[in-house]
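**Student:** Taking the hints into account, I'd like the entire structure generated from these sequences.
Protein chains: 2
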Amino acid sequence: MTEYVTRPRRFNDIWLTEYSTENLTLSMKVKKFIHAEKTKYQELLIADTYDYGRVLMLDGAYQLTEVDEFCYSEMMSHVPLCAHENPEKVLIIGGGDGAIMREVFKHDCVKKCTLVDIDQRVADCSKEFLPFAGKSFEDPRCDFKCMDAMKFIHETSERYDVVIVDSTDPVDFAAGLFRADFYSDVKKIMKPGAILSELTMSPFTDKDIMQQSINEMRKIFPAVKLYWGVVPTYPSGFWTYGVAMNNPEMNPALPVRKVNGTRYYTSEIHKSAFVLPPFLEEMINR
Amino acid sequence: MTEYVTRPRRFNDIWLTEYSTENLTLSMKVKKFIHAEKTKYQELLIADTYDYGRVLMLDGAYQLTEVDEFCYSEMMSHVPLCAHENPEKVLIIGGGDGAIMREVFKHDCVKKCTLVDIDQRVADCSKEFLPFAGKSFEDPRCDFKCMDAMKFIHETSERYDVVIVDSTDPVDFAAGLFRADFYSDVKKIMKPGAILSELTMSPFTDKDIMQQSINEMRKIFPAVKLYWGVVPTYPSGFWTYGVAMNNPEMNPALPVRKVNGTRYYTSEIHKSAFVLPPFLEEMINR
Numbered sequence: 018m019t020e021y022v023t024r025p026r027r028f029n030d031i032w033l034t035e036y037s038t039e040n041l042t043l044s045m046k047v048k049k050f051i052h053a054e055k056t057k058y059q060e061l062l063i064a065d066t067y068d069y070g071r072v073l074m075l076d077g078a079y080q081l082t083e084v085d086e087f088c089y090s091e092m093m094s095h096v097p098l099c100a101h102e103n104p105e106k107v108l109i110i111g112g113g114d115g116a117i118m119r120e121v122f123k124h125d126c127v128k129k130c131t132l133v134d135i136d137q138r139v140a141d142c143s144k145e146f147l148p149f150a151g152k153s154f155e156d157p158r159c160d161f162k163c164m165d166a167m168k169f170i171h172e173t174s175e176r177y178d179v180v181i182v183d184s185t186d187p188v189d190f191a192a193g194l195f196r197a198d199f200y201s202d203v204k205k206i207m208k209p210g211a212i213l214s215e216l217t218m219s220p221f222t223d224k225d226i227m228q229q230s231i232n233e234m235r236k237i238f239p240a241v242k243l244y245w246g247v248v249p250t251y252p253s254g255f256w257t258y259g260v261a262m263n264n265p266e267m268n269p270a271l272p273v274r275k276v277n278g279t280r281y282y283t284s285e286i287h288k289s290a291f292v293l294p295p296f297l298e299e300m301i302n303r
Numbered sequence: 018m019t020e021y022v023t024r025p026r027r028f029n030d031i032w033l034t035e036y037s038t039e040n041l042t043l044s045m046k047v048k049k050f051i052h053a054e055k056t057k058y059q060e061l062l063i064a065d066t067y068d069y070g071r072v073l074m075l076d077g078a079y080q081l082t083e084v085d086e087f088c089y090s091e092m093m094s095h096v097p098l099c100a101h102e103n104p105e106k107v108l109i110i111g112g113g114d115g116a117i118m119r120e121v122f123k124h125d126c127v128k129k130c131t132l133v134d135i136d137q138r139v140a141d142c143s144k145e146f147l148p149f150a151g152k153s154f155e156d157p158r159c160d161f162k163c164m165d166a167m168k169f170i171h172e173t174s175e176r177y178d179v180v181i182v183d184s185t186d187p188v189d190f191a192a193g194l195f196r197a198d199f200y201s202d203v204k205k206i207m208k209p210g211a212i213l214s215e216l217t218m219s220p221f222t223d224k225d226i227m228q229q230s231i232n233e234m235r236k237i238f239p240a241v242k243l244y245w246g247v248v249p250t251y252p253s254g255f256w257t258y259g260v261a262m263n264n265p266e267m268n269p270a271l272p273v274r275k276v277n278g279t280r281y282y283t284s285e286i287h288k289s290a291f292v293l294p295p296f297l298e299e300m301i302n303r
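Top to bottom, those sequences are chains A and B. Residue numbering for the first sequence is 18 to 303, as defined by our numbering. Residue numbering for the second sequence is 18 to 303, as defined by our numbering.
You can take every hint at face value.
Where chains are identical, the list cannot tell them apart; a pair therefore holds if satisfied intra-copy or between any two copies.
Derived DSS-like pairs (lysine-lysine); straight-line CA-CA distance at most 25 Å:
{"no.": "1", "residue 1": "Lys275", "residue 2": "Lys288"}
{"no.": "2", "residue 1": "Lys224", "residue 2": "Lys48"}
{"no.": "3", "residue 1": "Lys236", "residue 2": "Lys204"}
{"no.": "4", "residue 1": "Lys49", "residue 2": "Lys224"}
No lab work stands behind these hints, which were simulated from the structure alone.
**Tutor:** The structure is reproduced here in structure tokens:
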């Protein structure tokens, strides 16, 4: 009787790989590809992975995973929101998947959250394939504008209490969102006592961008601080955020309100996030 | 004239890959392979990488990289050491590369640091190829024992102020280092008021091991606490550590001494590291 040689099943594994830098990659084994398309602005891909659940990738960069997005979404939103006494009007720039907006709506005092994202398809695909994030678009307080953020900021007559810049990496159409010109425009639509938060990447994989973003913020705002947290699926896992305020008397490290229903954020975590390791302190104060 | 097609240079890239789990990998581009051997206990590999400098891999798992080992080495050592009023005698189990021992020697009060590692080749290769870690073996306070840690603990008549368990992953010969039997033996060689610290892995990639290690510690010690920090090249980057004490009155979250020359650790970071996000608190208190 003949014994046939067969190709082992494991060679059929499909993997998703992100180049965190050109010399560093993070790969996840895929259970199922859900959706892929080239939108007007970027390559959009959604897959189910074994370790991190549903994953959204834009232009080859992990944007959000079902398992760890709370680490990022909560820290991007609740830190500025809880440092503000009464945030009623919130602006999110980018964040088209809706995860940050979901967190914003955990604050009852928020009356309206305007989300400006250039790519309608991110919002649409999130609503369809990433409901844990995308269902925030159903909240009646949601005011979604599909347009260029720079244009919106120039044209709007609204003024905001909290502005959250949740962009993709600072390349291509998002590059301008990390520069002084942009911060200067944002400043004009911030109420007195308002706070801005923005991702400032990793001190390990994106040291130059982190330093530059903070320096550009400092050119425009009298008070700028850095805080940090872990996001396992972002480059190096060590993630930083910048906060900027018009009022230098304000201490963003001090939460003045609480929020319920969180998994990463607490008032104590809020305060701790502003305690910087010396290597990081040095990087931003040189 | 003929134009020849040539194979592009970039296909000659060499990459090092770790399976953080069977469904998740972290890869680094290699500048140069430095050394590889099969020791009596494990596959040992040392390479120069572009992003993380010199890297030590044991059985396919990143143990230490030149660029980020301070995150781990400082948190494993200074937290128990600074929570102790006068640590004179320190025991490191594992840690054959010497990086933790280097941190221990930053405390002038330490009179002797015994390092017990089963694999002589790790120490030898570290001295030769990873001097930033391995040169700690030259300190006159270093007492290196190349032997099985369980055997050492059974036989020694010494008593310690601080015990640091810096093992490889809890598999094969290191599996026993995460179990109640082991903790029970360690307890016998700890002075009154002594502290034990041990890596307890990641809540994202090794939730079960983390929970089990903490539970096993709790079977033996009246006081056990978890703390956390970032180590970019360890699975998920979100790393946890357990501390256990004989004296339940002792608060390991409160540093009673300072240490100089650190890049991650400060007294404030020490305190912050014990502030747990709710998802992690829940995991260990169920």
